[in-house]
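**Q** This is what each chain is made of:
Protein chains: 2
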Amino acid sequence: MDLLLLSNGKIAGNTKVMEFALPAITEVFTRKHVKNVLVIPYAVIRSSHDDRTAMVAESLSHLDVNVTGLHRAEDPVEAIRQADAFVCSGGNTWVLNKTLHDLGLIGPIQQAVTQRGVPYVGWSAGAVISAPTIRTTNDMCIVSAAITPSLSFVPFQINAHYIDATIEGHMGETRDERIEEFLVVNPHQSVIGIPEGSWLAVSGDTMTYEAANGKPLHWFRLNQERQKIQAGSDVTELMGLDG
Amino acid sequence: MDLLLLSNGKIAGNTKVMEFALPAITEVFTRKHVKNVLVIPYAVIRSSHDDRTAMVAESLSHLDVNVTGLHRAEDPVEAIRQADAFVCSGGNTWVLNKTLHDLGLIGPIQQAVTQRGVPYVGWSAGAVISAPTIRTTNDMCIVSAAITPSLSFVPFQINAHYIDATIEGHMGETRDERIEEFLVVNPHQSVIGIPEGSWLAVSGDTMTYEAANGKPLHWFRLNQERQKIQAGSDVTELMGLDG
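Heads up: the protein sequence lines correspond to chains A and B, in order. Following the numbering used here, the residues of the first sequence are numbered contiguously, the last one being 238. Following the numbering used here, the residues of the second sequence are numbered contiguously, the last one being 238.
Take the hints with a grain of salt, since some may be wrong.
Treat identical chains as interchangeable: a pair holds within one or across any two.
Listed below are the simulated EDC-like cross-link pairs for lysine to aspartate or glutamate, each with C-alpha atoms no more than 20 Å apart in a straight line [as the list claims (entries may be wrong)]:
#, residue 1, residue 2
1, K27, D46
2, K30, D(-3)
3, K210, E69
4, K5, D70
5, K93, E220
6, K93, D70
7, K93, D159
8, K30, D79
It should be emphasised that the hints constitute simulated quantities derived from the structure, not laboratory data. Small disclaimer: the values here were computed from a predicted structure and weren't measured.
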């Protein structure tokens, strides 16, 4: 498998989506001789799928690739079979996951990524769906049919945009409290918090953690002190966790 | 119906849960001659149901009432039938709603509140479940079976702990952006944001909006400027919205 799971799309100073991780994306797409990039734009709610596809194309304009949107495919499953790489945009995780299930695309994407080794790049919601379920998304469940199981590329839960700060005067649960609640109800699982500007990179049997701004990954387990892992670390160990 | 839907449990300076709304609770419980208060504690994850029930009892200690926890009832449906009032604690909305569905308590609580006029007081998650669905909760969906339909005492969606501030450096969606996404996907619905320290009070056919700290209610509709409504206002109009 080749995965690049980005916490978010842009950090301060970026003008293009995925800009902070473009060297890593370029390395994977070059190594895998990628020609046809398929954008999965279904998480996008407040702008158009076409616009988001164009934003991805702009980010990849230094590469000799064709970039198309899955929403434009007459036969989405065939488009997935023809793709050399996937880029899955952020937005609303619930809408993204439900759309993939509704269109019958979970299986074809899993097959492409895990069996044929097609590289998968996702940011925010696009990273969260790489987990067994989307239960640790921060997004509001804006759909009536809330579907939690997802792509299961990795065996742990992902919390994107991870941050341990709180808004002054806000008495609702903090992010850490929400993750703790998840672990109380799901005591054998791990939640991996990836802060803004960071990503998990799976290449073959190895997973590393990278961060453009040097922020650490946070590994949460029930009744254990959280483990902070520095950028540049090998985190292959996490791929062996129970899902 | 008699409802008191509190945004949250405590504001700065409070030592007891529901403290900022105790005059309103006392008025309702006295007017309705409440003797048996049934606490619905299922939202609580990080402390015990017994502890939470005791916290509610402490808040109501100035009243001559018996306070018991629904989790202790041998026959929960019978306990609901015997209750003179409900107090539903905050915590995780997904766990609360799923538990009420799993135990078959949605119907009995609806019957008690809407047919027999048993007062219902809820804060945070306990307020959110008064809506047709819990889709506008801020909580993480920590359960695998995500159930969205809920008690439907009111026809609009509730966003508790409503706040329009953001954390500096956080690139995830703001609260307002999340609510906007909800409206794009559900264009005929309204979301009512109730800030910390505020509550909606339904008495008979009338609904008013109150706030201990004077913060306004926010009424969100698609493609319309949000409407801010001041504390002390009659908001019965909202009870006529499409659900």
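**Q** Please go over all the hints and tell whether each is borne out by the structure.
**A** Do the hints match the structure? See the list:
no., hint, in the structure
1, K27 x D46, "neither (26 Å within a copy, 57 Å between copies)"
2, K30 x D(-3), "within (16 Å within a copy, 63 Å between copies)"
3, K210 x E69, "neither (42 Å within a copy, 50 Å between copies)"
4, K5 x D70, "neither (31 Å within a copy, 53 Å between copies)"
5, K93 x E220, "neither (34 Å within a copy, 29 Å between copies)"
6, K93 x D70, "within (18 Å within a copy, 37 Å between copies)"
7, K93 x D159, "neither (29 Å within a copy, 28 Å between copies)"
8, K30 x D79, "within (6 Å within a copy, 68 Å between copies)"
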